[in-house]
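Protein chains in written order, with this note's numbering: chain P, 152 to 394; chain X, 10 to 173.
Keep in mind that the hints were calculated from the coordinates and are not lab data.
Every residue gets a Cβ at the ideal spot worked out from N, C-alpha and C, and that includes glycine.
Certain hints may be false.
Pairwise CB distance ranges, derived in the manner of DEER restraints [what the hints assert, rightly or not]: (1) T247/P / H41/X: 32 to 40 angstroms; (2) D153/X / G279/P: 31 to 39 angstroms; (3) G206/P / Q14/X: 29 to 37 angstroms; (4) S354/P / H117/X: 46 to 54 angstroms; (5) H382/P / D153/X: 52 to 60 angstroms; (6) S354/P / P15/X: 48 to 56 angstroms; (7) K168/X / G356/P: 52 to 60 angstroms; (8) T167/P / E67/X: 33 to 41 angstroms; (9) F157/X / S354/P: 33 to 41 angstroms; (10) L387/P / P18/X: 56 to 64 angstroms; (11) H382/P / P15/X: 38 to 46 angstroms; (12) I106/X / G356/P: 31 to 39 angstroms; (13) I106/X / G206/P: 35 to 43 angstroms.
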Amino acid sequence: MAQPAPLSTVRVVTLTIDDRDFSAREDETIIEVCRENNIPIPSLCHLDGLSIWGGCRLCMVELEGQTRLFAACSTRVTEGMRIQTQSERLRSYRHTILELLFAERHHVCAVCVSNGHCELQWLAQKCGVDHVRVPYRQAAYPVDSSHEMFRIDHNRCILCTRCVRVCDEIEGAHTWDIMGRGTDCRVISDLAQPWGDSTNCTSCGKCVQVCPTGALVKQGTSVGEMVKDQHFLPILARRRHAQ
Amino acid sequence: MQQPQPKPPSPSEDKRWKLVNATMRRHGYAAHALIETLHSVQEAFGFLDEIALRFVAESLDVPLSKVYGVATFYHIFMLKPKGRHTCVVCTGTACYIKGADALLAGIHTRYDINTGDTTADARLSVLTARCVGACGLAPAVVVDGDVFGKLTTDSLITKLEALD
Ligand code: SF4
Ligand code: FES
């Protein structure tokens, strides 16, 4: 998240988004300006209050005069920028990214505790993903229920790293990280040990609240009962940066 | 006021920890010395076990999960030898002079594997390590954690053949 710099040093730039004129501070990212002005941009790894990751590529937008696409969450606005957030090309790329996420692991909504409260599910509905054209990988990943309050189901993880970042940047514990590479990537606590055995997890539950899917959930929830609450994040982030 | 984290003692008397400590000291125990330090451990011990990962994490004050993430991201790092048995050939100065390379050549002739490799049936991994601290026994080899010294190619192969 861009922390506001002292006002005197920040310039204001003008730009257009989908052919409408806007002005914004030059230290803002495209996605921040879009959110302030209620312009929808799909995103998964971005979360207001956490550092920029730029991994999911769902937030891609077109910039006039450039052939390649830019991630709205990790691109700062500049004077005269002309941004397109909707086009046939963007629609098809976003559609494909979502399909690949569904095909990569087991996201079986019907039996998921996050059913109806899942960001992946919402995005799929919004982007009209009603079926998946690529073959499912069908690889089984472990479920770790060793923590007395929470559970991690790697089958539902999309590796957005929100849990890793919130644990490191806001809680300060850095219990989580990502191991391996490619399809072997997995969120791990400590030396890839059971979460319940972690020596530095404070059981604060921030990772559970920021997880966009049903990968990190509370124990004892059943289908559709896991509702997440992220309102704490921008507040805590501001206080951390003010320290 | 925050105190710098005290440095943990070496996990054992093994002299190879000195090499690891020297690397960390050279980099002022900075967190960004992580990869360099893991290289030292791998070079000294042949692979990175849990004891080593914990020691490095604590010494550099880097989170455990980050150390594990880095160690599993790079193919060059080995967390455990792949074979059921491991044969670590010491290539320290004394063992080198006394014919460590002949031992490695003997292993290559018999099993067709080089340093860092594992036989196709996953029975044996062969690794090399810096001085294991048994110079009086040169050339020395560590087979499944036990040190054997004054080996010849033949006596080593006999030992390796006797493993199940
Ligand atoms: S567990 Fe959840 S928050 Fe963490 S990387 Fe996976 S999907 Fe993202
Ligand atoms: S939200 Fe921009 S790459 Fe994920």
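Quick one: are I106/X and G356/P within 31 to 39 angstroms, going by C-beta?
Because 60 angstroms falls outside the window, the suggested range is violated.
Regarding G206/P and Q14/X, is the given constraint of 29 to 37 angstroms on their beta-carbon distance met?
31 angstroms, holds
Consistency of beta-carbon spacing, G356/P to K168/X, with hint 52 to 60 angstroms:
Taking Cβ atoms as reference, K168/X and G356/P lie about 54 angstroms apart, which means the hint holds.
Using the C-beta atoms of H382/P and D153/X, is the stated range 52 to 60 angstroms upheld?
The hinted range 52 to 60 angstroms holds for H382/P and D153/X, with Cβ atoms some 55 angstroms apart.
31 to 39 angstroms was suggested as the range; check whether the CB atoms of D153/X and G279/P agree with it.
Distance hint for D153/X, G279/P is violated at roughly 58 angstroms.
CB-CB spacing for H41/X and T247/P relative to the 32 to 40 angstroms hint:
About 37 angstroms separates the Cβ atoms of T247/P and H41/X, which means 32 to 40 angstroms holds.
Lying within 56 to 64 angstroms: is that true of the beta-carbon distance L387/P to P18/X?
The hinted range 56 to 64 angstroms is violated for L387/P and P18/X, with Cβ atoms some 37 angstroms apart.
Take the C-beta atom of I106/X and the C-beta atom of G206/P, compute their distance, and say whether it sits inside 35 to 43 angstroms.
51 angstroms, violated
Indicate whether the distance between the beta carbons of T167/P and E67/X respects the range 33 to 41 angstroms.
Since the Cβ atoms of T167/P and E67/X sit about 53 angstroms apart, the hinted range of 33 to 41 angstroms is violated.
Quick check: does the Cβ-Cβ distance between S354/P and P15/X fall within 48 to 56 angstroms?
Given a distance of about 27 angstroms, which is not inside 48 to 56 angstroms, the answer is violated.
Check the following: the C-beta atoms of S354/P and H117/X are separated by a distance inside 46 to 54 angstroms.
52 angstroms, holds
For the range 33 to 41 angstroms, tell me whether the beta carbons of F157/X and S354/P fit it or not.
This hint is violated: roughly 48 angstroms between Cβ atoms.
When held up to the earlier numbered hints, the structure conflicts with 2, 6, 8, 9, 10, 12 and 13 and fits the remainder.
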